[in-house]
Amino acid sequence: MACNWSAENATRAYLDTMKMGKRAIEPDAAEFISALAAGTNAQLMAVVAGGVAARSTTLALVAAAHQTGGRVVCILRGPEELRLTKHGLGPDATHVEFVIGEARYLLTNRYREADFVVIDCGLSDHDSLFRAVQAGERRNGNGATVLGYNTGVKKESWSWEEPIPREKGERESRSKQPKKTMGKDLSNDQVSSMREAFTLFDTDNDGKIAPSELGILMRSLGGNPTQAQLKSIVSDEALTSPFDFPRFLDLMSKHLKPEPFDRQLRDAFKVLDKEGTGYVVVSDLKHILTSIGEKLDAEEFDEWIREVDVGSDGRIRYEDFIARMVAK
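Heads up: the sequence shown runs through residues 1 to 328, numbered per full-length UniProt numbering.
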């Protein structure tokens with residue numbers, strides 16, 4: 001990786017990303033990713049991401065590549081993700097090399113010379129990807145920049161809620177009940193993310209999505225429904241024609257549920273605990289929780305950390321910290 005920092009490249013890439021990614025879910029993160037890649041003159045940039053998150057991050061690297069003359073590789077898990085990502089990128093997809101395969105293998109073999117790697121920490125195997133890239137760095141001595149994003153421990157992720165079987169005739173009686181408030185169980189951030197995903201698939205700008213797009217749309221938001229589950233939802237919800245965004249929010253609030261908070265925390269800590277020791281350095285933890293995502297106040301962090309045993313080496317056992325945070 002080149003050591004000289006180019007402020008000019010970084011600034012231009014930052015501004016280009018602002019223009020290209022007006023509809024991105026996390027524009028601020030994308031802009032800084034682009035500036036970092038361009039400023040370090042990255043020549044081979046690889047991103048491992050899923051769903052809608054792939055769009056904003058890949059756009060950021062495309063903007064950087066315009067400044068450095070480098071290549072952008074987007075590693076995806078399957079054809080459906082490929083379709084989703086290309087759809088979201090539009091004309092900018094022509095500037096990206098798309099690859100479907102096992103990311104850990106690809107990063108340590110075909111793309112082992114990558115000098116800028118971006119990994120979505122929302123992926124279930126992100127910790128193993130970090131370890132694989134680090135092992136490759138030690139072997140090859142290429143000193144790549146490896147960046148993790150989407151690490152906010154307070155941000156909710158989603159899993160599929162199995163539809164509750166209904167007795168015959170129940171659908172008719174339920175339709176007579178008062179309707180729920182649109183997306184009432186969703187936070188503003190969740191509604192924003194869902195609107196972004198919905199807009200990407202509303203290609204004719206009529207404010208509606210076909211029922212056939214429901215599966216890929218939900219997967220872009222982190223859900224993983226089976227075909228049987230989708231058929232059940234389409235049937236139970238009587239989705240016989242294109243539906244609008246309020247209807248989509250209603251579906252999300254009824255059929256998706258947030259993952260347990262302790263699981264989100266544990267996944268976030270594993271990003272710091274790359275060796276799998278079960279411990280993290282307090283200073284690293286404080287930096288992340290007070291400066292990234294939905295920030296904690298430094299005083300709030302200090303109050304929590306006082307209740308946890310800190311070792312003489314400045315590390316804590318993060319299962320203890322998780323227990324405290326969940327209890328609060």
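Keep in mind that the hints are not guaranteed to be accurate.
Across the chosen pairs, the derived CB separations fall in these ranges [as the list claims (entries may be wrong)]: (1) L15 x R247: 46 to 54 angstroms; (2) R195 x G78: 22 to 30 angstroms; (3) P79 x I305: 17 to 25 angstroms; (4) H287 x W5: 37 to 45 angstroms; (5) K231 x A7: 32 to 40 angstroms; (6) D206 x K286: 43 to 51 angstroms; (7) G78 x V191: 26 to 34 angstroms.
Below, simulated SDA-like cross-link-like pairs (lysine to any residue); rule was C-alpha separation at most 20 angstroms, straight line [unchecked claim]: (8) K270 x D244; (9) K231 x D244; (10) K270 x S253.
These aren't lab readings, by the way, just hints derived from the structure by calculation.
Heads up, the beta-carbon is just placed ideally off N, CA and C, and yes, glycines get one too.
Self-check item: Hint check for R247 and L15 - Cβ pair distance inside 46 to 54 angstroms
Solution: violated, 38 angstroms
Quiz item: Cβ-Cβ distance between D206 and K286: within 43 to 51 angstroms?
Solution: holds, 48 angstroms
Quiz item: Is the hinted range of 22 to 30 angstroms satisfied by the C-beta distance from R195 to G78?
Solution: holds, 25 angstroms
Quiz item: Is 17 to 25 angstroms right for how far apart the beta carbons of P79 and I305 are?
Solution: Because 46 angstroms falls outside the window, the suggested range is violated.
Self-check item: Assessment of proposed distance window 32 to 40 angstroms (beta carbons of K231, A7)
Solution: Violated - the Cβ-Cβ distance for K231 and A7, about 54 angstroms, lies outside 32 to 40 angstroms.
Quiz prompt | Distance restraint evaluation - G78, V191, Cβ atoms, bounds 26 to 34 angstroms | solution = holds, 27 angstroms
Quiz item: Does D244 lie within 20 angstroms of K231 when you go C-alpha to C-alpha?
Solution: holds, 19 angstroms
Quiz item: Are the Cα positions of K270 and D244 separated by 20 angstroms at most?
Solution: The hint is violated at about 38 angstroms.
Exercise. Look at the Cβ atoms of H287 and W5 and judge whether their distance stays inside 37 to 45 angstroms.
Key: Given a distance of about 21 angstroms, which is not inside 37 to 45 angstroms, the answer is violated.
Quiz item: Is it true that the CA of K270 sits at most 20 angstroms from the CA of S253?
Solution: violated, 29 angstroms
Hints 1, 3, 4, 5, 8, 10 from the list above are not met by this structure, while the remaining hints are.
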